[in-house]
Amino acid sequence: METPEIIYGTLWHEQRDGKGEDAEPLAVQFNNSSCGVMAVLDGMGGAGSAIRELPDGTTHSDAFLASRFVREKILQFFQKQKPDHSQRAKQLLDIIAFIKDELDNYKETLNIQPSALYGNMTRILPTTLAMICWNVMDDNQLSIQDIWAGDSRNYILDERGLHFLSQDHTKGDADAWESLREDPPIINAIWQNKSFFLAERCYMIRLPSILICCTDGCFGYLPSPMHFEKLLITTFIQATTMEEWMNLLKDQLLPISGDDFSLVALMNKNDWDDLKQSLQHRLEEVENNYIKPFDGLLSLQKNIPSLQHTIWTKYANTDVEHLKPISPKEDNYGTK
Amino acid sequence: MENQQGLKYNVDLVFVVDTTGSMANLINTVKGNILKFYPDLKKVADEKGKSISQFRIKVIDFKNYEYNGRGAIQESKFFTLTNDAQMENEEDQLQSYVNNLSANGGSGSREQGYRENGLEALTIAMRSDWDKGGDKRRHVIVLFTDIAPLTFEEGRKYAGDNYPQDMPANFDELTDMWDSPQGAVMAKSSKRLILFAPDCETWDNISNNWNEVIHWPAKAGEGLSDADYNTILDTLMNSI
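Chains as they are written, first to last, in the working numbering: chain A, 1 to 336; chain B, 1001 to 1240.
If we strip away everything but chain B, and leave its shape as in the complex, we get (with noise of 0.2 Å):
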């Protein structure tokens, strides 16, 4: 259906990867997932008639800076995928980016309860270059992990030196970089964040507090049947 208003839609997803080995047995899925995750959201889009004019989408895994360095949260450029004939090449790099995460090592240890840095990844996706353009604009962050993220103080404790600078000193200055009105750092009517992570206290904490969240409370997405995907794609493009 076109938008008889001519009005211009952006639509940035970022999605947020947990690539520890104990996601080995989910990252096909997840690959999966994501790649039909925006074309999927076209459609419901296009079916409303709001026809997106830009999607861009970035990915970035993460596993543990204690075990895997400084290079342990990894990103992507954002692929932009518009209506032009550059689509087309963008597209191939994305899906050949995606196809090339794999899930192996890099985890917490028994002490860490095999914990990673999502939260640290969560912060990055947060502090992304976010799309101005556009007449609405949706900006949404994607998380899929199989487990509880360490916390800021546990992150910096274990990984000494490899620890980046510029991250939150505990999980209120990143509740505030999400919600408060002076350190949000997303634009309050555009951020959505996807969780799907298995109930624990931090994701649950997330979901209780923090305002346009959806969280599936299961590891990296099981068992989401069909009508609350669906849903969640509705949610998504209803209120734009």
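Excised from the complex, chain A in its bound form (with noise of 0.2 Å):
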């Protein structure tokens, strides 16, 4: 069989230039190696709007630096230690722990002093986080462990659909649906001033597959979770390159996000034409049974929150067997 060839795609827009709290997206692949780390982060504009002064006199607030603080951590760990999957709990627990000492360093070099103001809204440098680390295995399987904080989130795109691989972590553990209506708090992510946790899963994902990690400017403001797969597969379809998929993917973003907005996409490169010729197939069926629907009750411009709610329901129901995870449950891994 074939070796996989692993190709990235990134897509990264600042909505004000030069301001905007995504860092750029992580996409890793080591030299001469078949393992890589690709990851999202979003800095928390309203928990991290603390303005900070960096020692070249310029001003940015806690968020715009943490995310790319934070990113620029993983990359350095990960640069002396490659994703080793044997490993993966103890190199979850030392992520952990550089990242958390590196805030407190950072936090220290800012001279960061305690907040006047007291409550839970405020955190110092918060970020979420999304990341997978991959390894290629053999009998074209990629070995993965999903790993995310915050409201950012992984994704697998295959043949069957779109399928989550993270569970935002906020307030009442709201799912896709609740947290597109309600918009609920976030309850944990990273930051300096407070314990945190990395949620983990592992899996053993079959190609053709496309791993993808992105932040909620990305799928926040669609109608519904479906409406972004739909984008998804209709962007993927129409292109012939990586670099043009994200492209078209950015043309679709601009008009309608309202946040900056950050992806990372990995495929086998080998997998393209198949993989356009399977998600053709589900394309149709998305859009006969989930957004035409959807879609019809939007254009009867009724509130009908119900029968949209059962049909988010029925399309997150969808069988997920094949991405059953290699542990039953995911594990938190937390600063103390």
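These are computed hints drawn from the structure, not numbers from a lab.
Just so it is clear, the structure is predicted and the values come from calculations on it, not from any experiment.
Keep in mind that the hints are not guaranteed to be accurate.
In silico lysine-lysine, DSS-like type, Cα no more than 27 Å apart, as pairs [what the hints assert, rightly or not]:
#1 Lys230(A) x Lys107(A)
#2 Lys90(A) x Lys194(A)
#3 Lys73(A) x Lys100(A)
#4 Lys1077(B) x Lys19(A)
#5 Lys250(A) x Lys1077(B)
#6 Lys107(A) x Lys80(A)
#7 Lys1036(B) x Lys171(A)
#8 Lys292(A) x Lys276(A)
#9 Lys1188(B) x Lys194(A)
#10 Lys194(A) x Lys171(A)
#11 Lys1077(B) x Lys171(A)
#12 Lys1042(B) x Lys1077(B)
#13 Lys1048(B) x Lys107(A)
#14 Lys1188(B) x Lys292(A)
#15 Lys250(A) x Lys1136(B)
#16 Lys1219(B) x Lys1132(B)
#17 Lys1042(B) x Lys1136(B)
#18 Lys314(A) x Lys1188(B)
#19 Lys90(A) x Lys292(A)
#20 Lys1036(B) x Lys19(A)
#21 Lys1136(B) x Lys292(A)
#22 Lys1188(B) x Lys1043(B)
#23 Lys292(A) x Lys230(A)
#24 Lys1136(B) x Lys171(A)
#25 Lys1077(B) x Lys194(A)
#26 Lys1157(B) x Lys1132(B)
#27 Lys1036(B) x Lys230(A)
#28 Lys1219(B) x Lys171(A)
#29 Lys269(A) x Lys82(A)
#30 Lys19(A) x Lys1048(B)
#31 Lys1008(B) x Lys230(A)
#32 Lys1219(B) x Lys19(A)
#33 Lys1077(B) x Lys1188(B)
#34 Lys194(A) x Lys276(A)
#35 Lys1132(B) x Lys19(A)
#36 Lys1036(B) x Lys250(A)
#37 Lys19(A) x Lys1043(B)
Label-pair ranges, simulated between beta-carbon atoms [said to hold, decoys possible]:
#38 Met204(A) x Lys1043(B): 51 to 57 Å
#39 Lys1043(B) x Leu75(A): 35 to 41 Å
#40 Val1185(B) x Asp295(A): 31 to 37 Å
From the three backbone atoms N, C-alpha and C, an ideal C-beta is built for every residue, glycine too.
Both chains are given apart, each in its own frame, so use the hints to dock them into the complex.
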């Protein structure tokens, strides 16, 4: 069997140039190896709105600084030790300890004093993280370590559709539908002044598949989670290269997203044509079973949340037996 | 900056103001803060490309039921500040209402530690007829006081017949009204509470244990720096 040729695509947009809270996506394949790391990070603008002055005199919000700083630290970590799935738990604990120590040091460097404001709405250097560490295995499979904190998400897109690999850390464990409707507060993310955890699941993924990490600016302004799948598939089918796919996605998101957005996608280059074909079939299914009924309700200009929710429930309950995690439930690895 | 996405952001602000005599030297500052809070918030929103489609503002002022009877807590209507011809009129009404606030009398007794019915005023604010329109919403309560509040149990005991029947039995019930999945009276994603109130057990309990609260621990906002004021505005608007 041919060895997979892994390719990445990245998408990064700031609503205001130079002020974006999303870091540039991380997309690394380690030299001469069949493993890598992909991630997105979204600095939390509400909780991290305090403004800091850097040694060079420039000023930025905690949200801006946190996403970029943690991205850099994750990259540093994996440059020293490649993702090793036989050591995954230890490695994850090491990453958390490393990030925590570095955030503590960064707080000192920036001379951040305790806030005079009480309450749990403000955090020091808060950012979300959605990250996948991957290893190419024999038999056309990827072993993946799916890691997240906050409301940035990991997905897998395959012939059966778009599947969630992460569950937002929001109040009340809101699902994707509730998150879109209610915009619930985030209860866990990476930050300096409180404990936090990284959630983890591990999967063995059969190719052809596309792994995706993205921030809420990508999916948070669409009418439903089904529309995000449709957006991903329609643009993928139109594209002939990864770069073209990312450009098409950006063109579609620009007029609708009210936030910064970032996304990184990974696939086997040799699967492009097969995936196009199978996703064409899936697109028809999504269109006929979910989008048309949903948009039909919207066009009635009536608020019919229960019917919309029924469509979402049917969509969310799609069989994902083939994506059973290696560990039955996610593990949470946290700071003290 | 125009909101290219065409999203409608609706913001409701309810100001809760202690107008007892002890606030006399602070009331003009508080009135000024109320009248500049919404244009400042609007400016922050505009800078972030989040054009607010509708601002509604209400004012609740409170004293002490024992000394002021059933009229101890007064509330205005919601003044609607939208971008239409009616806005100017509503804005004038709001300014007039705020300018007419005066701090005099009505504090509790020495036995009560000169405390007032701040928790009852907060309860009334939480029960406001919050906006349900727009694509994204913020429902913000901003409370100004210079003193700890009476507990519900004390308030009921001191005020006797003057005390309203529909108040929470105790602080735990109020906490449930804010935070519990069953009892919450405000939408979990929209609600925010800003306290400009001194360090004391009750206000600290709120800021330590309730979600979505920012507390500036000083009398009615005294000594708030520009940086912290901007942090509050940014915190409110960045997460919407």
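To see whether the hints hold, each was checked on the structure:
1. Lys230(A) x Lys107(A): Violated. Lys230(A) to Lys107(A) sits at ~42 Å, over the 27 Å cutoff.
2. Lys90(A) x Lys194(A): At roughly 22 Å apart (the allowed maximum being 27 Å), Lys194(A) and Lys90(A) satisfy the hint.
3. Lys73(A) x Lys100(A): Distance of about 10 Å is within 27 Å: holds.
4. Lys1077(B) x Lys19(A): It is violated: about 38 Å lies between the C-alpha atoms, which goes past 27 Å.
5. Lys250(A) x Lys1077(B): violated (44 Å)
6. Lys107(A) x Lys80(A): Distance of about 23 Å is within 27 Å: holds.
7. Lys1036(B) x Lys171(A): Judged against 27 Å, a Cα distance of about 32 Å means the pair is violated.
8. Lys292(A) x Lys276(A): holds (22 Å)
9. Lys1188(B) x Lys194(A): Since the Cα atoms of Lys1188(B) and Lys194(A) sit roughly 22 Å apart, the hinted pair holds (cutoff 27 Å).
10. Lys194(A) x Lys171(A): holds (17 Å)
11. Lys1077(B) x Lys171(A): violated (32 Å)
12. Lys1042(B) x Lys1077(B): This hinted pair holds, its Cα atoms lying about 21 Å apart.
13. Lys1048(B) x Lys107(A): Given pair Lys1048(B), Lys107(A) holds - Cα atoms ~26 Å apart, limit 27 Å.
14. Lys1188(B) x Lys292(A): violated (31 Å)
15. Lys250(A) x Lys1136(B): holds (23 Å)
16. Lys1219(B) x Lys1132(B): violated (33 Å)
17. Lys1042(B) x Lys1136(B): holds (15 Å)
18. Lys314(A) x Lys1188(B): Between Lys314(A) and Lys1188(B) the Cα gap is close to 26 Å, so the pair holds against 27 Å.
19. Lys90(A) x Lys292(A): This hinted pair is violated, its Cα atoms lying about 47 Å apart.
20. Lys1036(B) x Lys19(A): holds (26 Å)
21. Lys1136(B) x Lys292(A): holds (25 Å)
22. Lys1188(B) x Lys1043(B): holds (25 Å)
23. Lys292(A) x Lys230(A): With Cα atoms ~11 Å apart, Lys292(A) and Lys230(A) stay inside 27 Å; holds.
24. Lys1136(B) x Lys171(A): Roughly 17 Å separates the two Cα atoms, so the pair holds.
25. Lys1077(B) x Lys194(A): Measuring from Cα to Cα gives roughly 40 Å; hence the hint is violated.
26. Lys1157(B) x Lys1132(B): The given pair, whose Cα atoms are some 37 Å apart, is violated under the 27 Å limit.
27. Lys1036(B) x Lys230(A): Given pair Lys1036(B), Lys230(A) is violated - Cα atoms ~45 Å apart, limit 27 Å.
28. Lys1219(B) x Lys171(A): Violated. Lys1219(B) to Lys171(A) sits at ~32 Å, over the 27 Å cutoff.
29. Lys269(A) x Lys82(A): Distance of about 22 Å is within 27 Å: holds.
30. Lys19(A) x Lys1048(B): It holds: about 10 Å lies between the C-alpha atoms, which stays within 27 Å.
31. Lys1008(B) x Lys230(A): At roughly 24 Å apart (the allowed maximum being 27 Å), Lys230(A) and Lys1008(B) satisfy the hint.
32. Lys1219(B) x Lys19(A): violated (35 Å)
33. Lys1077(B) x Lys1188(B): Satisfied, since the Cα-Cα distance of roughly 23 Å is no more than 27 Å.
34. Lys194(A) x Lys276(A): Given pair Lys194(A), Lys276(A) is violated - Cα atoms ~45 Å apart, limit 27 Å.
35. Lys1132(B) x Lys19(A): violated (31 Å)
36. Lys1036(B) x Lys250(A): violated (38 Å)
37. Lys19(A) x Lys1043(B): At roughly 17 Å apart (the allowed maximum being 27 Å), Lys1043(B) and Lys19(A) satisfy the hint.
38. Met204(A) x Lys1043(B): 51 to 57 Å: Between Met204(A) and Lys1043(B), where Cβ atoms are some 52 Å apart, the hint holds.
39. Lys1043(B) x Leu75(A): 35 to 41 Å: 37 Å Cβ-Cβ, so the 35 to 41 Å window holds.
40. Val1185(B) x Asp295(A): 31 to 37 Å: At roughly 34 Å between Cβ atoms, Asp295(A) and Val1185(B) fall inside 31 to 37 Å, so the hint holds.
The structure fails to meet hints 1, 4, 5, 7, 11, 14, 16, 19, 25, 26, 27, 28, 32, 34, 35, 36 from the earlier list, while all remaining hints are met.
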